[in-house]
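Asker: If you're matching positions, the sequence shown starts at 1 in UniProt numbering and goes up one per residue.
Hints in this document: simulated from the structure, not taken from any laboratory. Be aware that one or more of the hints could be misleading.
Unchecked claim - Computed cross-link-like contacts, DMTMM-like style, restricted to lysine to aspartate or glutamate with a CA-CA straight-line distance of at most 25 Å:
no., residue 1, residue 2
1, LYS71, ASP26
2, LYS199, GLU89
3, LYS17, GLU36
4, LYS17, ASP30
5, LYS104, GLU116
6, LYS104, ASP187
7, LYS104, GLU209
8, LYS213, ASP187
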Amino acid sequence: MKFLVADDHELIRQGVKGLLRGLDPDAQFDEADTWETLAAAARPDANHDLAIVDLHMPGMEGAGSLEILLKANPALPVVVLSAEESPDEMRAVLAAGALGFVPKRQPASVMLKAIELVLSGGAYVPMEALSLLGTRDAAGAAAAGSSAGTEAGVAVATPVLETVPPAHQLQPHQRHLLENLSPRQQDIMRLVHRGWTNKMIARELGVAEGTVKVHLSVIFRALGVHNRSTAIAVINGWLEAGKTL
1 MKFLVADDHE LIRQGVKGLL RGLDPDAQFD EADTWETLAA AARPDANHDL
51 AIVDLHMPGM EGAGSLEILL KANPALPVVV LSAEESPDEM RAVLAAGALG
101 FVPKRQPASV MLKAIELVLS GGAYVPMEAL SLLGTRDAAG AAAAGSSAGT
151 EAGVAVATPV LETVPPAHQL QPHQRHLLEN LSPRQQDIMR LVHRGWTNKM
201 IARELGVAEG TVKVHLSVIF RALGVHNRST AIAVINGWLE AGKTL
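Kindly generate the complete structure, drawing on both the sequences and the hints.
Answerer: This is the structure:
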């Protein structure tokens, strides 16, 4: 997987990279420490699976800069890190299109949970921000999952599904995931749909087999399935509904 880590403190960047290597030992990283370097690194053709962004780097103008970033690269999933926790800032960050907001005071386990949820097509929002969500954002959070849990004072929207539904009854979080697969995830799922093994997929895409496994585990978790066959059943339902993959 490929991540963009943006913070003006090297110690924080190294800590975030360490967490991400726990998800994928073969992860690749681009880094930024100012608004200028972030804007240059976050180009669409860089194909980042996720960006972790400090909202207050030199040159950043809060959520306004984040909105500019996401207008230039709307497919980029962003988790914001911030030492500020004002309700106004949380509201602005969510309205700008961030899929996660993690206060820097939270432990590493909370940040890791936020990253996992966003990678799986969910959203991660501080408990105190839930009441600030507008209609569009609340709908998006609901689409990310059908149940909510709490950890260290933070509310998390977690995709949960007990059985694979018929094609015409896909759950909102399943539709959300299938509509927002990253380019790499789309490539992997196309090949899974053809019956390719992880080793074959890795060779075809020029990535490590471990990277394929990480992507698949994220997709499986989001869909609420445990293996390739049930994931393919969901994908087949999506295709039968007239969508493309």
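Asker: For the pair supplied as a hint, LYS71 and ASP26, is the alpha-carbon distance within the 25 Å limit?
Answerer: Judged against 25 Å, a Cα distance of about 29 Å means the pair is violated.
Asker: LYS213 and ASP187 were given as a pair; does the straight-line alpha-carbon distance stay at or below 25 Å?
Answerer: holds, 13 Å
Asker: Check whether the Cα positions of LYS104 and GLU209 lie no farther apart than 25 Å.
Answerer: violated, 33 Å
Asker: Between the alpha carbons of LYS104 and ASP187, is the straight-line distance 25 Å or under?
Answerer: violated, 34 Å
Asker: Please verify whether LYS17 and ASP30 have alpha carbons no more than 25 Å apart.
Answerer: Between LYS17 and ASP30 the Cα gap is close to 10 Å, so the pair holds against 25 Å.
Asker: So if I understand the rule, the pair passes when the alpha-carbon distance is 25 Å or less; does LYS199 with GLU89 pass?
Answerer: Violated: LYS199 and GLU89 sit about 44 Å apart, past 25 Å.
Asker: LYS104 and GLU116 were given as a pair; does the straight-line alpha-carbon distance stay at or below 25 Å?
Answerer: Roughly 17 Å separates the two Cα atoms, so the pair holds.
Asker: Holds or violated: LYS17 and GLU36, Cα atoms, limit 25 Å.
Answerer: Distance of about 21 Å is within 25 Å: holds.
Comparing the model with each numbered hint stated earlier shows that hints 1, 2, 6, 7 do not hold.
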